[in-house]
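Number of protein chains: 4
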Amino acid sequence: MIARYTRPELAALWSESRRLALFLEVELAATAALEAAPSSPIPPGTAARLRQLAAQVGPLDPSRVAEIEQRIQHELLAFLEHVEERLGPEARWLHFGLTSSDVLDTVLALQLREATQIIIRGIDEQLLPALRRQATAHQQTPMIGRTHGIFAEPIAAGLIFLGSYAEIDRAKARVQRAQKAISVGKLSGAVGIYGSGSVTPEVEEAALSSLGLTAETVATQIVGRDRHAELLWSLASLGAAIERLAVNLRHLQRSEVREVEEAFAPGQKGSSAMPHKKNPISAENLCGLARLLRASASAAIENIALWHERDISHSSVERVIMPDSTTLCDYMVQRAARLVSGLSVRTERMRQNLSESGDLYASEKVMLQLVRAGMSRQSAYELVQRHALACVADRGLGSPSFLDRLAGDPQVTERLSGEALSACFELATQLQHVPTIFMRALRD
Amino acid sequence: MIARYTRPELAALWSESRRLALFLEVELAATAALEAAPSSPIPPGTAARLRQLAAQVGPLDPSRVAEIEQRIQHELLAFLEHVEERLGPEARWLHFGLTSSDVLDTVLALQLREATQIIIRGIDEQLLPALRRQATAHQQTPMIGRTHGIFAEPIAAGLIFLGSYAEIDRAKARVQRAQKAISVGKLSGAVGIYGSGSVTPEVEEAALSSLGLTAETVATQIVGRDRHAELLWSLASLGAAIERLAVNLRHLQRSEVREVEEAFAPGQKGSSAMPHKKNPISAENLCGLARLLRASASAAIENIALWHERDISHSSVERVIMPDSTTLCDYMVQRAARLVSGLSVRTERMRQNLSESGDLYASEKVMLQLVRAGMSRQSAYELVQRHALACVADRGLGSPSFLDRLAGDPQVTERLSGEALSACFELATQLQHVPTIFMRALRD
Amino acid sequence: MIARYTRPELAALWSESRRLALFLEVELAATAALEAAPSSPIPPGTAARLRQLAAQVGPLDPSRVAEIEQRIQHELLAFLEHVEERLGPEARWLHFGLTSSDVLDTVLALQLREATQIIIRGIDEQLLPALRRQATAHQQTPMIGRTHGIFAEPIAAGLIFLGSYAEIDRAKARVQRAQKAISVGKLSGAVGIYGSGSVTPEVEEAALSSLGLTAETVATQIVGRDRHAELLWSLASLGAAIERLAVNLRHLQRSEVREVEEAFAPGQKGSSAMPHKKNPISAENLCGLARLLRASASAAIENIALWHERDISHSSVERVIMPDSTTLCDYMVQRAARLVSGLSVRTERMRQNLSESGDLYASEKVMLQLVRAGMSRQSAYELVQRHALACVADRGLGSPSFLDRLAGDPQVTERLSGEALSACFELATQLQHVPTIFMRALRD
Amino acid sequence: MIARYTRPELAALWSESRRLALFLEVELAATAALEAAPSSPIPPGTAARLRQLAAQVGPLDPSRVAEIEQRIQHELLAFLEHVEERLGPEARWLHFGLTSSDVLDTVLALQLREATQIIIRGIDEQLLPALRRQATAHQQTPMIGRTHGIFAEPIAAGLIFLGSYAEIDRAKARVQRAQKAISVGKLSGAVGIYGSGSVTPEVEEAALSSLGLTAETVATQIVGRDRHAELLWSLASLGAAIERLAVNLRHLQRSEVREVEEAFAPGQKGSSAMPHKKNPISAENLCGLARLLRASASAAIENIALWHERDISHSSVERVIMPDSTTLCDYMVQRAARLVSGLSVRTERMRQNLSESGDLYASEKVMLQLVRAGMSRQSAYELVQRHALACVADRGLGSPSFLDRLAGDPQVTERLSGEALSACFELATQLQHVPTIFMRALRD
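Going line by line, the protein sequences match chains A, B, C and D.
Using my numbering, you'd call the opening residue of the first sequence number 2 and step up by one each time.
Using my numbering, you'd call the opening residue of the second sequence number 2 and step up by one each time.
Using my numbering, you'd call the opening residue of the third sequence number 2 and step up by one each time.
Using my numbering, you'd call the opening residue of the fourth sequence number 2 and step up by one each time.
Note that these hints are calculated values from the structure, not bench results.
Fair warning: this is a prediction, and the values are worked out from it, not measured in the lab.
C-beta: ideal position from N, C-alpha, C; glycine also.
It cannot be assumed that every hint is accurate.
Cβ pair distances, simulated, as ranges [as the list claims (entries may be wrong)]:
{"hint": "1", "chain 1": "C", "residue 1": "Q353", "chain 2": "B", "residue 2": "P44", "range": "48 to 58 Å"}
{"hint": "2", "chain 1": "B", "residue 1": "Q433", "chain 2": "D", "residue 2": "G409", "range": "42 to 52 Å"}
{"hint": "3", "chain 1": "D", "residue 1": "P401", "chain 2": "C", "residue 2": "R65", "range": "36 to 46 Å"}
{"hint": "4", "chain 1": "A", "residue 1": "Q71", "chain 2": "D", "residue 2": "M440", "range": "42 to 52 Å"}
Taking lysine-lysine pairs in the DSBU-like style, the calculated list, with each CA pair at most 35 Å apart, reads [unchecked claim]:
{"hint": "5", "chain 1": "C", "residue 1": "K279", "chain 2": "A", "residue 2": "K279"}
{"hint": "6", "chain 1": "D", "residue 1": "K181", "chain 2": "C", "residue 2": "K181"}
{"hint": "7", "chain 1": "D", "residue 1": "K279", "chain 2": "B", "residue 2": "K279"}
{"hint": "8", "chain 1": "A", "residue 1": "K181", "chain 2": "B", "residue 2": "K279"}
Kindly produce the complete structure, drawing on both the sequences and the hints.
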């Protein structure tokens with residue numbers, strides 16, 4: 002992923018040097034588990050000595066590994082050759098009974114588990130709290146709700162944030178399930194059946210469990226790629242949840258709406274041509290990044306149907322999308338959290354828009370009162386629609402309000418008292434169940 | 002979905018008449034719950050009377066609803082008008098305090114729950130048992146494993162089916178979780194806050210619970226579309242699991258391989274030009290259908306980021322992909338089950354291919370024995386590779402076998418006894434842990 | 002495709018009976034060309050007699066073909082058996098030297114050519130003229146332009162339509178190129194090399210040319226699937242062009258904007274709960290359908306990499322997406338044309354929004370004048386930005402206008418005359434090059 | 002894109018320093034054109050002086066621009082501030098009357114044009130010639146053709162390469178058309194209507210033409226994104242063409258087939274566990290990369306429907322996919338060319354497989370001869386199928402050949418002479434039209 006969208010933590014996780022260190026970590030775990038097994042071929046103390054040696058000689062050298070790979074065209078064997086250069090002859094006990102994919106897939110599991118952990122932490126510590134704060138702060142702030150982009154009925158502004166809170170919480174649960182699904186390694190050798198005769202299912206379990214992983218149920222040469230596709234999809238779904246929030250914050254920042262505003266740093270410039278512009282660029286940026294996440298998820302699902310005991314076509318895809326999607330997702334979570342935290346919610350403007358929406362939002366309640374008073378649903382609908390559309394047509398001309406029109410229609414007045422009619426226009430009634438929704442969403 | 006890929010059960014579920022019946026079901030549930038609420042506007046007994054009336058007049062008429070929709074361009078209101086025609090004035094108590102989406106989304110939940118139930122049943126009763134049978138039957142059948150399409154080491158034929166068993170079981174779990182995620186309705190009105198003043202959160206809960214659903218945590222006008230995207234993705238992931246199986250069965254049916262064979266009905270014809278052909282058309286068909294499922298999943302994720310309290314752009318997408326994906330997925334499960342059940346596994350041909358693969362599969366174990374005997378990993382690798390590539394180069398010319406070559410190399414013989422060397426070529430050793438894998442996969 | 006989105010013309014084109022008629026058409030064309038070839042096996046007059054017989058016995062019977070296919074599991078052979086039932090023993094000369102795919106792919110080419118022709122006609126006769134009319138009608142109508150959803154500088158309303166005109170015209174060119182790419186058949190037999198010894202390249206050319214098609218350059222058993230993928234993508238690109246138009250018309254219909262309005266039929270109802278609603282449902286519908294088109298295009302590209310001389314995995318995909326995408330695209334073109342034609346453009350509201358946007362749009366021209374007068378770009382930017390942001394902050398409070406503020410700043414007045422300053426605020430200057438753009442776009 | 006898949010030429014093209022150099026190039030072109038216009042605000046000689054100054058001070062400093070961007074959060078304004086630091090006060094004439102997108106989109110056009118030029122050159126100079134060489138070398142090499150993975154009829158091995166030659170040539174034509182579609186800049190200012198009053202359509206045309214570009218017909222703030230989507234799709238289509246070739250080369254390298262072999266460098270290692278392995282890793286790698294290209298194309302099509310006169314959501318997507326897809330595509334072309342060039346085609350093995358396929362491939366010709374002799378198509382089909390399936394069932398048991406069986410069937414012998422029958426089994430007849438196909442494909 003390009004530097005612009007990469008936080009240092011993720012850059013480190015996906016660096017070559019980190020990858021080599023994890024290769025060694027997994028090899029050492031396997032050697033230690035194999036050494037401890039009954040009738041082990043490995044002399045006692047080997048794993049401990051190798052680990053100590055590794056600590057002494059310091060980090061492996063990615064450029065040396067690349068040099069060897071150039072010659073032998075096999076990444077893992079290049080790593081092993083380099084380790085043997087560094088740690089000397091005892092290093093031959095590393096990788097004993099393993100195949101490259103044992104190490105590659107187990108390392109990938111460790112990287113993905115950590116990457117998702119960082120993302121989940123960002124959700125838990127930054128994004129959800131920011132949403133909760135804005136939601137709670139505006140639990141009672143009335144604003145006009147919009148469906149189809151058209152004024153509908155009033156809602157509370159806090160619901161914008163609470164809805165995203167609930168949705169992102171669902172997305173988090175998916176990422177967590179996917180994290181579990183990919184926290185799976187394998188050390189079962191070339192075709193997944195422990196054929197080398199040295200690493201047994203028990204050795205595998207011991208080694209993986211020392212790394213915090215479990216073993217693939219039925220491995221081929223590799224771990225099932227449905228697991229990775231689930232992860233990529235869960236990230237795409239998190240991206241889409243952030244996108245929905247971002248789309249709405251872009252709408253609310255439109256010049257005609259102006260109900261919220263992204264923080265604009267002192268010194269910031271909005272447009273090279275138009276010095277007057279302040280643009281919702283964080284929200285727009287997040288919408289774009291969500292597209293990248295779902296594109297990668299669609300590549301991941303094509304990686305599942307590999308040939309026989311595996312083909313390696315998934316590898317080039319994963320070298321790109323695994324770092325890219327986790328890195329982007331982390332960036333999005335952080336940027337979304339900052340966006341929400343720094344957002345000005347302009348309650349006075351909300352009130353103004355609500356009032357400009359007129360009193361049409363009461364149309365449903367009036368219709369229901371008429372039905373209740375015995376009118377057929379259809380007749381009530383048509384009566385109310387007639388007055389409402391007349392309001393819209395005359396809007397802004399000092400023409401009678403919706404309430405005025407209804408109050409002047411005998412078909413209404415013969416069925417509803419003035420009191421019953423004006424009760425339909427009460428904002429407090431409209432919002433009375435909002436606290437229940439908050440309780441339902443925030444109970445945890 | 003076209004008739005060719007639609008089973009009658011799914012056709013019925015997604016028919017217009019079923020849809021209308023479910024509309025009415027949901028309206029009646031809401032009316033009953035509202036009638037039972039404290040200070041209800043609805044006269045006691047209304048819901049029961051309406052339900053009875055509905056039973057008397059029989060099924061609603063899709064063509065009449067279409068006719069009304071033509072005029073008013075609103076599907077749900079057309080339904081209500083038709084119901085009012087049928088059930089008379091008391092029908093005005095239906096839809097009281099609801100918005101169209103309350104009914105549409107709740108009905109969609111019912112349809113999707115049932116569709117996924119049929120799919121899950123197919124997995125449980127047809128597909129998984131078929132895979133289990135073939136797996137168990139061939140737990141001890143040796144065949145050559147292939148990675149990159151190249152002979153690797155022997156495996157047991159049953160693992161082909163066991164691997165798909167485990168993967169489809171994981172896919173089933175995703176479908177089940179998604180089923181739960183979409184078993185969610187809403188009756189919270191126009192903007193999701195029970196603004197009509199009549200249907201409260203308690204009424205919603207009672208009505209939905211009578212339908213076996215729960216309520217959306219924070220609804221807008223509709224239920225969150227992340228739920229539906231999760232479902233569509235879970236179906237795509239099931240499709241990909243079936244695709245992996247199908248790809249492998251296609252490979253195993255190649256003329257040069259012929260290790261399995263699809264059932265070929267008496268009277269069946271393979272090619273219009275070539276009367277000698279028998280083609281793996283079921284497996285090929287399944288591969289294509291998997292592409293359709295993932296395409297629909299990518300449309301579903303674009304449906305999430307709707308505007309404000311909802312826009313209706315998702316609706317046209319869902320009218321197509323919801324029936325299509327569930328119908329296709331059901332078809333795939335059934336067809337895959339038949340494919341697996343009817344498959345001939347040609348064990349003698351497997352033995353023949355295994356023997357033609359030569360004895361190179363032992364290369365790993367020989368290398369490990371040399372390492373164990375003190376050789377560096379690199380030297381051992383290069384020694385073994387030299388003999389192995391010589392074997393491949395001379396293949397088929399009555400040239401010495403891999404074992405012969407090794408047994409003639411002093412670098413080998415000074416390190417390994419003849420017994421130790423030939424032990425590397427034992428098939429029984431290679432397959433010794435297969436039963437453990439079976440136990441691990443089939444424990445449930 | 003579901004009936005709701007299928008026009009009768011497309012339904013007929015993709016019907017089973019039409020498919021059978023085209024099968025016969027292609028078989029007859031091949032038989033005629035083969036009969037006319039030197040040293041033909043076919044007795045003179047056969048093709049003419051078969052064509053006459055076919056006309057006499059009338060249309061083939063899809064249900065009978067389905068019945069036969071049930072038994073032999075091969076669609077094309079079922080068709081041939083039915084034809085033999087109908088036309089008698091001379092029918093054995095049909096399909097002579099052909100393979101099923103010769104007929105299937107050539108028929109598919111005919112159907113796709115016709116489907117795209119209908120779509121292109123819709124663009125030419127309905128959609129582009131509608132856009133041109135609205136564009137031309139509003140070439141001089143000023144409205145505020147928006148970037149990032151924020152007021153930018155004024156534009157002419159006609160540009161909204163003119164931009165879509167140009168984009169849809171580009172999309173049409175892509176569909177036309179794709180139409181050419183798929184107007185390709187093949188009659189080269191089982192593996193594409195005319196191996197039957199009867200149908201030669203010359204016979205193929207004669208037969209295809211009588212159908213208005215050309216021959217695949219290097220066929221396998223089938224025509225290259227890159228051609229069909231190009232078509233599906235061109236339809237998706239047309240869909241996206243319509244989507245951009247629809248998105249913008251949705252924005253312009255927002256309650257806060259109200260600059261355009263979809264036609265609302267007398268009797269139409271907008272919402273079951275809210276009788277006051279008029280929603281931009283056509284534009285929303287089109288946005289959804291565009292998602293379906295691109296999903297199908299992504300399935301089509303997966304159909305390209307078939308195995309060897311072909312595998313049949315593409316077939317199940319194409320049975321669905323070929324009718325679906327062409328049918329949807331046709332529907333979209335027609336609905337978009339109606340949407341544009343019926344649209345009210347509310348010029349008075351545009352003027353009002355433009356005036357509410359204030360006079361900030363002049364900020365660029367003022368900055369440029371200051372630069373021209375010798376100020377550095379940066380200083381000029383910051384001066385103008387300072388006044389502009391002050392305007393925004395005070396907006397709506399009777400506070401000084403942007404022009405007032407600038408006119409009161411000595412840094413400005415010492416550089417610009419009052420005349421020069423107010424010239425920056427002229428709308429006529431802003432729109433002076435619009436006619437040139439129109440000429441550029443409409444020259445044809 | 003990660004280094005592993007990036008050639009230096011593409012890395013340089015997409016580097017930050019190259020981007021800044023192109024920013025300056027475009028600004029200078031615009032300034033020069035504006036200076037030359039009638040009644041230009043820019044003093045004569047300015048552009049030339051700035052160009053000279055720029056040459057003197059040397060390349061711009063990406064890290065300084067990044068530093069400024071950090072403060073003002075606007076990339077293009079940061080560039081301009083840095084240029085002003087470097088070139089002094091006359092730099093205020095740069096960007097006169099332009100908006101950021103004028104420069105960004107025009108620079109993007111220059112980069113994409115160059116990137117596609119490199120890709121096209123690779124196709125023309127490396128990939129197509131390699132395919133042509135292999136095709137021509139094997140125009141007469143017989144091999145068994147396979148449909149559904151099942152032996153069909155013989156083809157010539159050269160057709161494998163010739164088919165890809167034709168398909169990649171079609172893909173190249175798409176890339177060329179797309180290159181033309183994106184060789185379009187714009188200098189029409191903030192909302193695309195030359196509103197600054199200084200840069201006119203004529204100035205734009207002069208400036209763009211000096212850069213080898215044309216002007217967007219109807220711009221918004223930016224160039225239409227349908228153009229970029231077309232490019233990304235054309236690259237995906239090229240990727241799919243390479244994928245089809247790669248899939249087939251993988252099949253032909255299977256252990257059971259072994260008809261071709263990727264070059265295996267001396268010293269190369271195939272597997273860490275199995276020293277005997279040589280794997281088709283180039284072909285597998287290419288299959289994976291094709292998935293990435295189509296994923297990016299699907300993100301690109303979502304970038305089309307921007308809001309109003311533009312929103313900036315496409316920007317984050319393009320920062321990633323534009324460099325990534327062009328870089329990957331270039332890498333694929335080069336690697337595919339090396340793969341094809343270095344490929345061993347093992348003609349003796351092809352002969353062997355062909356002979357093992359038996360003589361069933363003649364089934365079509367026998368059937369046609371029977372039809373010709375008066376048998377009905379159906380009866381002929383069933384007769385031939387019966388003998389053919391018997392052959393398959395008895396295969397390898399020294400059982401009679403297909404020809405033997407037919408020669409022993411009186412239904413055959415009473416219709417066909419021995420000579421006519423054996424003529425059906427001639428390979429030369431089967432391949433007689435291959436030269437015509439070659440001429441058709443290679444005429445240029």
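For each hint, the structure was consulted:
no.: 1; hint: C:Q353 / B:P44: 48 to 58 Å; verdict: holds, 49 Å
no.: 2; hint: B:Q433 / D:G409: 42 to 52 Å; verdict: holds, 51 Å
no.: 3; hint: D:P401 / C:R65: 36 to 46 Å; verdict: holds, 38 Å
no.: 4; hint: A:Q71 / D:M440: 42 to 52 Å; verdict: holds, 43 Å
no.: 5; hint: C:K279 / A:K279; verdict: holds, 32 Å
no.: 6; hint: D:K181 / C:K181; verdict: holds, 19 Å
no.: 7; hint: D:K279 / B:K279; verdict: holds, 32 Å
no.: 8; hint: A:K181 / B:K279; verdict: violated, 43 Å
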